[in-house]
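Student: One letter stands for each residue in the lines below.
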Amino acid sequence: MMRGSRRAPASCPDRPDRPDRQAGSSHTAAVLIAIAFLIVPDGSLHAQTTGSIVGVVRDDAGVPLAEASIRLSGFELTAISDSTGRFVIASIPAGERSLRVERIGFRPLDLTGIVVSLGRPTSIEIALEPLPVAVPGVEVEALRVRLVEPDVSATREVLMGREIRALPVDRSADAIELAPGVSGGHFRGGRVGQEVHVVDGLEVKNQLEASAHGPGLELPPGALEEVEIVTGGIGAMYGSALSGVVSWVTRRGSTERWEGRTALLTDQWAPESLFRGFSGLSVSAGGPLRFLAPRATFYVDLLGQGLADSDPRARGLGCIEQADATPDVAALIASVEARTPALSCPYSGPTLPHQQGDKRIAFARLDVPAGATAALTFSFLDNRLQRLLYTPSFKYSNGAQLGQRSGGSMVSAGVDIGGRTGDRARHISLRVGHVRLDRYLGVIDPASLAGRGTVAGFGLSGYEFLGEDAVHAPIERQLAEAAAVPGYGAPGGIDSPFGPAGADLFFTSGTPDVANWTRSHALSADLVAEFIDVGGGLLRAGASGRYYQVESYERTLAHLAGSLPAYARFHPASVAAFVEGRLAGDEELTLNLGLRFEAFRSGVRFQQDRSDFQSPIIDPDWQMALMPRLGIALPLPGTDRRTAVRLSYGHVAQAPDFRFFLDTAIGDSIRRAVRRQGNPAIAFERGRTFEAALSHLAGPHVGLTLTGFRKELQDLASGNVQIGPGGLPQYSVNDFGTVTGVELSVRGRWDRLSTRIGWVVQKATGASSGSDVDTTVTVGSDVTERPLAFDQRHAIDVAILYGEAAGDRASRWSAALTARAASGYPLDRGAAAGDTVLSTDAYLPWTHTVDLRLAWSPGRLPGCGGCSWRLVADARNLLGRENVIALQAESGRLAPSAGTISAVASALPQPIGPIPAESPLYRATVDANRDGLISLEEFDAARLAAVLDRFDPSLMLGSARSVRLGFEVSF
Amino acid sequence: MRYSKVATAAVAVMGALSCRDGLDPYEAELAGRADSTEVVRLTLSPGNDAYPTWSPDGSTVVYTGAGFAGIPSGQGLLLEQSRGGGTARLVFAELQGPGAGGPRWLAGSAVEGDESAVAYVQMAAVATPLSVDPTLCPIPEPVLDSVVVRVRRRAETGSILADPAHELRLPGRDPDVGAGGQGPFELRDLPFQQRYRRDGTVAIRPSWAPDGRVVFSDGLTLWIWTPGAGPPTAIPGVEDAVTPAWSPDGSRIAYTRLERGDSTRVACNVLVGNIVIQQIRTTYAWPRSTIVVVGPDGTGKRELADGTDPAWSPDGGAIYYRGMDAIERIPSEGGATEAVAGTEGGWWPAVSPDGARLLFMRKSADETWDIWSAPLSR
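Chains G and C supply the protein sequences, listed in that same order.
Each residue of the first sequence is one higher than the one before, starting from 504 at the first, in the working numbering.
Each residue of the second sequence is one higher than the one before, starting from 8 at the first, in the working numbering.
Same shape as in the complex, but just chain C (with noise of 0.2 Å):
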């Protein structure tokens, strides 16, 4: 029974033998990048990614984006994405996403201090330059015209017209100067303008406050506002200023004043309609750009360094902002500055909660804006 004991072996290996599992189906592979140690592009849309901000806990990048396909964008996204980079998720996604209703252009977002609530400014149109004789008058440039800022609250799924709001009308484009609605009107071109058509960066940027009141800039004027109490109040004594933001104990804010230079001023005959009426024109030069801090009620202004945009450090020590050609560092109480490596053409500063890491934006070689986050040495 020689072959018997052998086959015998042979049917107990094959019992000993477990079952195999079924097959596991495809798992496709994800897209992703990991947090890196070094300066790293996260957004690679072909579109403009712009105005990066962390959220209070540190774990996700804010943003204004483009480059969803098949969502209607309009001019800009409220988008976030982790801090690793990876796959950006609408905000709002009832605001902005399929079935919304039409595009939004939603841009500058803050996210409130305990992750309830975002500001953001909701952009209108841009003016469109009254019909001109050419041979009369130059065209005039592209204007911004009124913004909306307006605070929701993440949990939010309702109306964007619930949520609380303050429209803004912006200074430079006063309607109707003369008497009875035919002019003469007046066009005052203001640094925050150029700015705007030279970098296409809004100046209209909404800060928190600790305790859950909001900074924003109407392009010349700060004003402090309390979402859902009542209109907002100018800080006193704030000229020319814009890109607000508010220090982490909520006793200083540090914003860039354009200053406004020597003034042109021309007048225009224009044709609305069957109608030619006369526009006045001021042009401000706009000669350097300054990072100034003031106390929420005008006290104590004072200006650290030539440079726009600026962030504070998490512990308000030091305030990031765009100096010469790259992202740099000054004390808050003033003192030598440094440029942060690897931030050449940076704008926009955002230091992480943690003070690692700092976002900025920078164009691309296709001349549109992406966010980038670089490591901060501490």
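Okay, chain G solo, but in the shape it has when bound (with noise of 0.2 Å):
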């Protein structure tokens, strides 16, 4: 990488005649860092995986110099000023770049550090040192990251791959959570999979079923060169999204050398207590494929991880205790400690069982430069992810057990050709992806898992379903079978430590009767093109189609012959257009306007009632939405463009996810079965979003921001029910919903040390008609207020870097903190006790968490000369803090309320008399006395703790801690 630290000239030993540059740097530095980064029409660029540069040169007392050279260091693009100092260059692959400036008396200069991000011209103004002689030597600044942006009328964050590799996350997507406006996946309140991934442009966006299981695709941080998330002010160039933005540029390969890096993290070796079973290799190199052509470059990065227990708790596997329930609960839980203490909490541990895992990606990036103006760059991206999922039920099971493996694939090619007219830069990027998604939830073969090879927890192998061939067998051949799926057995069994007391609440033979698998692909072209001239004004429109072909297979009940698999196998269609335009004052109002038109058609045709055959066939009409959108980005007279306002009014629109098409029968995360009738016709969700902020340089490293939105979302599909025709339960698109809010951003940046704080407060509300379950749904115009995510909460995050991470390259030391406190979700009691009315009055704890990554390198490694190694630890959940982020809804506890278990305990069958120890009902462990002979009292008393037991909290709680070592060998 170029990145070079700052040197500072008053350490150079070489430059004994230069004044102290430290102390007037703020004025007299070679490059005034005006911390521009104009970011024009407010978002990356589908199409893209360029930004551009503009800006202005001038001598040191502000005269503009014409016929500077301005190069981009590492690639064969330059420019050169025009008569008013200013220029541009277009087509620069987006990440941190260094620009070799250089004029005719006046002292050389490259400048390292600038932030170019995909698809946005970065600003920047240039001061160059008049020389009276020429003499050697060449200044070296590093760029400032920015601290407030005067010219962008965007809420963004930036986080580049080096930051993202330094912060103590497993996954990219958890760095994206130090957004402010971002928390637990929620955009500014919005509901997951309001927001849209772009990977190099290529939209990603898990279009079947992001609301219920996210993007789909997963990049390592080790191939991220920068990410990206604009959570306000969204540009014309986006659709697919109501709240935010995800634009990830991935790495390409140094044109200069072979670069590797090779990193172990474990906790294999940590204490019992810090233990949860995690570990991940990170393998990636890069550099020149001269052979093929000048300039071009490989990357290659893959990850792997193992994992004991994929989702570790902060209590693992415990049980409802005396402090989380209320008094007579408590009083319950005492009497089965006295009566029964041998099946008061029988099973507990650090982790939860029966919820391995393991993780792989693979990337690979060929660039390769196609005559002087032309680049041609193809990538490749493969996931897998699979794991069990822990089901209480089953959790005394040595069997079969719940799993999902999920995986994707992208593979992209695209074409960039730059070129200049005048002092215009133009762009046009053409590219093509293929994106594949799949995902099988099932009951994973226990054979095949026994049999299974793994090292430190990652298996070589993918996970195999029971019953998966017949499950992917032609529909026609399933439905003429009526089959159960092989291998499923219904669930039963006796074998828990509560014997017969505990059936109907624990399984130990069976399986879980769900399979369910999804599989689309898309088929996308995006073409834009763009103009950009040298101050900064831009034109630019473009043009995306997509194909789908999208499957999906449900079966519930699957271990009885007679269930029949919902099956629907259709090809939707969107297509989308855009125009916008950046008109740039000199210092003054940035302008951006902007007009988007998005359309997609179903493609399902399907009967309108499916209770009712004679019922009329749709065949589904095109939906469209057009979008305009304004930005307005103003820096204040007389702050030296210190202190800046923005504005931003839009329209948005997002086609729903595609499952909100189709009849279903398994619920979002609860796998229930509560069939709902899908509604092809549904047309775009909506939304207006407005934006009012206002920014402050507070001296040379304190910025800061506060922001105000408004977002008013329309026409909502959501997993909540009303009733359809024939009075089945459909899924609504009547939800509808505000968020307001407030956040405010604080950004500091000193050498060593970069820090981000974020606080953000906000309150949604929202309605639906009807309920979430079908029991409850109530016909007519009732309409239940619930919230969209969750109508009022704080969150702060806070990320410290130091060191190599806030990227001081010479230090030894590299540490990243992050902090993050939320107060706790609305708890509706008013829902599950019946009422209309949602009550608010009560809510989830506080929640926070403090991570910490640190990084020392001891130097070269021993035996490798151009090797250096970095030990490292990572802590997570340092304060071992037991977060709750769920509660029982009628209890307002973790334990449920004494009627529930009562309710519950009695509902299951009754033994019809004692269990002498030659029955096959008798279990030792509940015959408390060991007399041979399972009394009623007994048997009760096993009951309640099994009911108990059943309300095992676990999953109620955050994550735990845990402690990893491991070492970074990088060359």
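Warning: the hint list may mix true and false statements.
Distance windows between CB atoms, simulated [what the hints assert, rightly or not]:
| hint | chain 1 | residue 1 | chain 2 | residue 2 | range |
| --- | --- | --- | --- | --- | --- |
| 1 | C | A274 | G | N1432 | 54 to 62 Å |
| 2 | G | A1064 | C | A162 | 25 to 33 Å |
| 3 | C | D64 | G | E979 | 22 to 30 Å |
| 4 | C | T44 | G | E840 | 35 to 43 Å |
| 5 | G | A1389 | C | G104 | 23 to 31 Å |
| 6 | G | A1064 | C | D64 | 33 to 41 Å |
Some chain G residues flagged as far from chain C (calculated, every beta-carbon gap over 10 Å) [claimed, not checked]:
| hint | residue |
| --- | --- |
| 7 | V618 |
| 8 | R674 |
| 9 | T876 |
| 10 | L879 |
| 11 | A950 |
| 12 | A1046 |
| 13 | A1069 |
| 14 | L1247 |
| 15 | I1299 |
| 16 | A1322 |
| 17 | A1406 |
| 18 | P1417 |
| 19 | S1422 |
| 20 | P1423 |
| 21 | L1436 |
| 22 | G1461 |
In case anyone wonders, no lab produced these hints; they're calculated from the structure.
Here the structure is a predicted model, which is why all the values come from computation and not from measurement.
Cβ atoms here follow ideal geometry from the backbone N, Cα and C, with glycine treated the same way.
Using the hints, build the complex out of the two chains.
Tutor: Next comes the structure, spelled out in structure tokens:
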């Protein structure tokens, strides 16, 4: 990497004639860092992998300098400043770049650390120092990270790949949570899935089921150049999003030399209390492929993670404790402990059982220049994440368990053609790609699991599911055979410690009964053309099209021969076009105007009422949306661009998840069988967003931004159901809501330290008709108030980076501390009690987490001259806090109410009499006095213990404390 | 580079540590009791567990029991459990398990020598006494009316009706000794019925001969039956015989003789519908029970001792039986008797094929039968 550290002249022994630049660095630096990363029309571009730099060159008196040469280091991209000193360089690969600026009579300058974002012109101002005589030597300056952005009308956060690799995160997606306004996958109070993910300009949104299963594709930290998170003022280039944009830019190999990095991190050697069974290995390498073409590069990154518990919780596996409960339930727990101590929480441990899993990600990218102004890019991404899903009712089963394997791949090719017309740069980008997403939820074959080779938990082979071949067989054959899924069996068994008293609560034989898979293919093509003038003005237009093949299969009660699968295969399509322009005044108002058009067609011909075979067949029309967008950024006069305001307004729309087109019986997360009827005729989910912000640079090291926003959403599809034709529950499309909020962002930057602090408070109100369980659906016009994601919430995110993590490559230390605190979600007692009005007077408690990653470099790796290495320690939930992330709605505690416990216990089958030792139902664990006979009293005690154990609150707690150690080797 | 070496060593140590295995899921504690050198109770059911017998290889105890929560038991389930006790299984789950089509009362089983078949008694409901005027006549005691002796192959899964069977109309409740169905009826209260009322034990015990024949009692007579080959034939000269046991070599049959003593005879008027009929009741005294050995052809009959429910030792040299108040042992040719320790209150002995253990049934404090197992000294 071309990252040079800031070299303070005062400490340069070879340049004693220089005045102390440290003292006057804020003004007399060769580079005046105006921190102006001008974001033209508010968003990056969904066909581009490049950005641009616009700037002006002046002498130290502020006089514009013409004829200055500006060259992008490492690339064949140059510009010459015009008579006003301005220049523009387009087609710059996004990332941290360096410029060489030269002019006769001035000291040459290397400017490093320029963050070029995908699709965005980065604005800089350069001041060259006059030299009366030509002397050798180059000034090297690192560009400061921007602290405020006076020309940007969007709310965005940019994380560099090196920062993400230094953060204590396992997934790149976790780093996104550091952006103010992003919490738990929700962008500014919107629902999960209301954001779009863009990888190198290619939209990879999981259009089938993002609201339930996330983006579907994952990039490893080692493959990232930068990530930009846009939460407000979304530009016209973006569609398919209501609440946010995440733009991922992948790494490319160095044009200079081959570089590589290997990192191993694991808690295998941690003491038991900190062991969670994590092992991760990351290997990456990249460099020039000169035999292919000059400046051709290749980069590859592989990530493997083995997980003994893929979702470790703060309390591990445990049971409700007296402190978790109301006094009457606490007394109940005490009585169980007294009556049958052996059955009082008989199974506990630091991790959850049946949650093992592993992850494999492979990424490769090839960049090949094609002539002086064009470049070809090919990239490949492959994911496989598989894990067992802890199912409380099967926790005592040593047999088949529920598991999920999700994966996907992306293959893309792009061509970027740059050029120049007068003082305008132009850039045309064409990108085509294919994205495949697969997900299989079903019962994992225990035999294949047992015979599977693993290294530190990482499996070399994929999970095998029971009956997978049969489930993938032609649906006509499955319907004709009407057979149970092979290998599936009725859940049952009494071999839990509670014996017959735990029957119907815990299953020790048979299998879970869900078989579900989805598969989608998307072919995408995006074309974008843009013109950028030296003043930062921009005109951009583009069009895109996407064609999908979607398959969805689900079957509940799959152990029953008579249960039939629900299967759909259809071909949605979408098209989009946009035009946008940026009018930029000289250090004055920046106006962004855009217009976006989107259309989609579900491709599902369907019978409006599936319960009536005579109901008409409907072929849905194209749904269309037109979205104007406006953004204004204005540095306040007289503040020397240190204070600025921005305003934005826009219409947003997204096609609903395609899963809402389909009948389904498998819920989002609880996997219960509530059949809902799909609605293929639903239209765009729409919204309007408003935003106003004030930014201020408070001294050389700290910038503050205060943002207020409002988002009005309507026509939202949701998992809530309403009564449809034929009285069947149907996906509702009538949800709506409003989110208003205030965000305060504080950014600090010092030589070896950088900080990001964000505080958000937002209030979201929403409404949906009906309810989310069919047993309580009310027919009519009753409207149940429901929050969109949460109605009022404070969230505080802190990230402190030190040393190498903060960009100081000379430092032996790298430290990254992240802290998060958030007020809890509202506790919906009203809905649980059957009320029609939501009660929001109760909330989950605050949560907070502190994570820390430390790395220290001993120096060169012995035995490898060109290698350096580091020791790494990574601690999660350092304070070991038990964060409560869910409560029992009706009790407001981790424990259910006494009434619920009693109701569950009394609903269980009663024994017809005492159970003797020779009975197959006898279990010694239940026979508290070991007299060979389970009396009715012992049975009752065991059943109560079983009910308490069944309400295991493990999944209601946040992540566990863990410490990992490892090392990194790089060359 | 001092730190570098330390760090290198640390990494080497970390690398040398093997990775941990995944978590082992919970393994439930299994019930079970090992074979014991003590007298142990094999069944703890609150219901009756009775009529123990051995599988020919000695690994399994077969008995009639209750206590299977959730399984419709009727009044007796044919069960088996391992020699050392533990979880019992239904011998014929398809006859008595869930979904078998209603409760069946099976009892008094015996496993054939090659383990391929089981002979057992399917009990009918106890006969309901006719309605009587209690001022004229005492209400008669319930009696066993009829049973079916069946043989079922262990591999069989079909209907019980397909099993070789012999239906027994038990003596003592002769339907119509008069003319035209109007009576008078005769009711004989035989000792085997009295024994059933007193102890709840069934006298109709099938027992296998080495050649595949079965001997059983109808309460008075012993019958020898080749299952599936026609009706049984009575052993001549044997009366008042119950609970037969065929000797291991097939040469002799031991049985219990319930001696019939003096009788009393009364006539009662019984109301059947609107008709008054006459019922003749004969009640026999039951002065003693004895152990008798006889050849299958009725020859060589010899009374050995007072007692009931004989069982042969594996070598045929001794007979175990219920004596005065315990299980006793007597040479099969006669001689001194000897009580088996720890069997007080025991009935219905069964010696294991290896001669090491003795099964017997004994009433618990709650007045229900349970199976016990005692070691035998050799």
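Student: Each hint needs a verdict: does it hold in this structure or not?
Tutor: So, going through the hints one by one against the coordinates:
1. Remark: the range hint 54 to 62 Å for A274(C) to N1432(G) is upheld by a beta-carbon distance near 56 Å.
2. At roughly 27 Å, the beta-carbon separation of A1064(G) and A162(C) lies within the given 25 to 33 Å, and the hint holds.
3. At roughly 53 Å, the beta-carbon separation of D64(C) and E979(G) lies outside the given 22 to 30 Å, and the hint is violated.
4. Range check, T44(C) to E840(G): about 37 Å between beta-carbon atoms, so the 35 to 43 Å window is met.
5. For A1389(G) and G104(C), the hinted distance range of 23 to 31 Å is not satisfied, since their beta carbons lie about 43 Å from each other.
6. The given range of 33 to 41 Å is respected by A1064(G) and D64(C), whose C-beta atoms sit roughly 39 Å from each other.
7. Taking the minimum C-beta to C-beta distance to chain C, about 33 Å, the non-interface status of V618(G) holds against the 10 Å cut.
8. Separation of R674(G) from chain C is adequate, the least Cβ-Cβ distance of about 21 Å exceeding the 10 Å criterion.
9. At roughly 48 Å from the closest C-beta of chain C, the C-beta of T876(G) stays outside 10 Å, upholding its exclusion from the interface.
10. At the 10 Å boundary, the C-beta of L879(G) stays outside the reach of chain C, the nearest C-beta of that chain being 41 Å off.
11. A cut-off of 10 Å between C-beta atoms confirms that A950(G) is not in contact with chain C; the least separation is 15 Å.
12. Remark: the non-interface label on A1046(G) is consistent with the geometry, its nearest Cβ contact in chain C lying 51 Å away (cut-off 10 Å).
13. Consistency note on A1069(G): stated as away from chain C, and its beta-carbon is indeed over 10 Å from all of that chain's, at 31 Å minimum.
14. For L1247(G), the shortest C-beta to C-beta distance to chain C comes to about 41 Å, beyond the 10 Å cut-off, and the non-interface label holds.
15. Even its closest Cβ contact with chain C, about 35 Å, leaves I1299(G) beyond 10 Å, as expected for a residue assigned away from the interface.
16. Here A1322(G) stays apart from chain C, with its beta-carbon at least about 28 Å from theirs, past the 10 Å limit.
17. At roughly 22 Å from the closest C-beta of chain C, the C-beta of A1406(G) stays outside 10 Å, upholding its exclusion from the interface.
18. Under the 10 Å C-beta cut-off, the non-interface status given to P1417(G) relative to chain C is violated; the minimum distance is some 5 Å.
19. A Cβ of chain C approaches the Cβ of S1422(G) within 10 Å, the least distance being about 5 Å, so the stated non-interface status is violated.
20. Listed as a non-interface residue, P1423(G) fails to keep its Cβ farther than 10 Å from every Cβ of chain C; the least gap is roughly 5 Å.
21. Separation of L1436(G) from chain C is inadequate, the least Cβ-Cβ distance of about 5 Å not exceeding the 10 Å criterion.
22. No beta-carbon of chain C is positioned within 10 Å of the beta-carbon of G1461(G); the least distance is around 20 Å.
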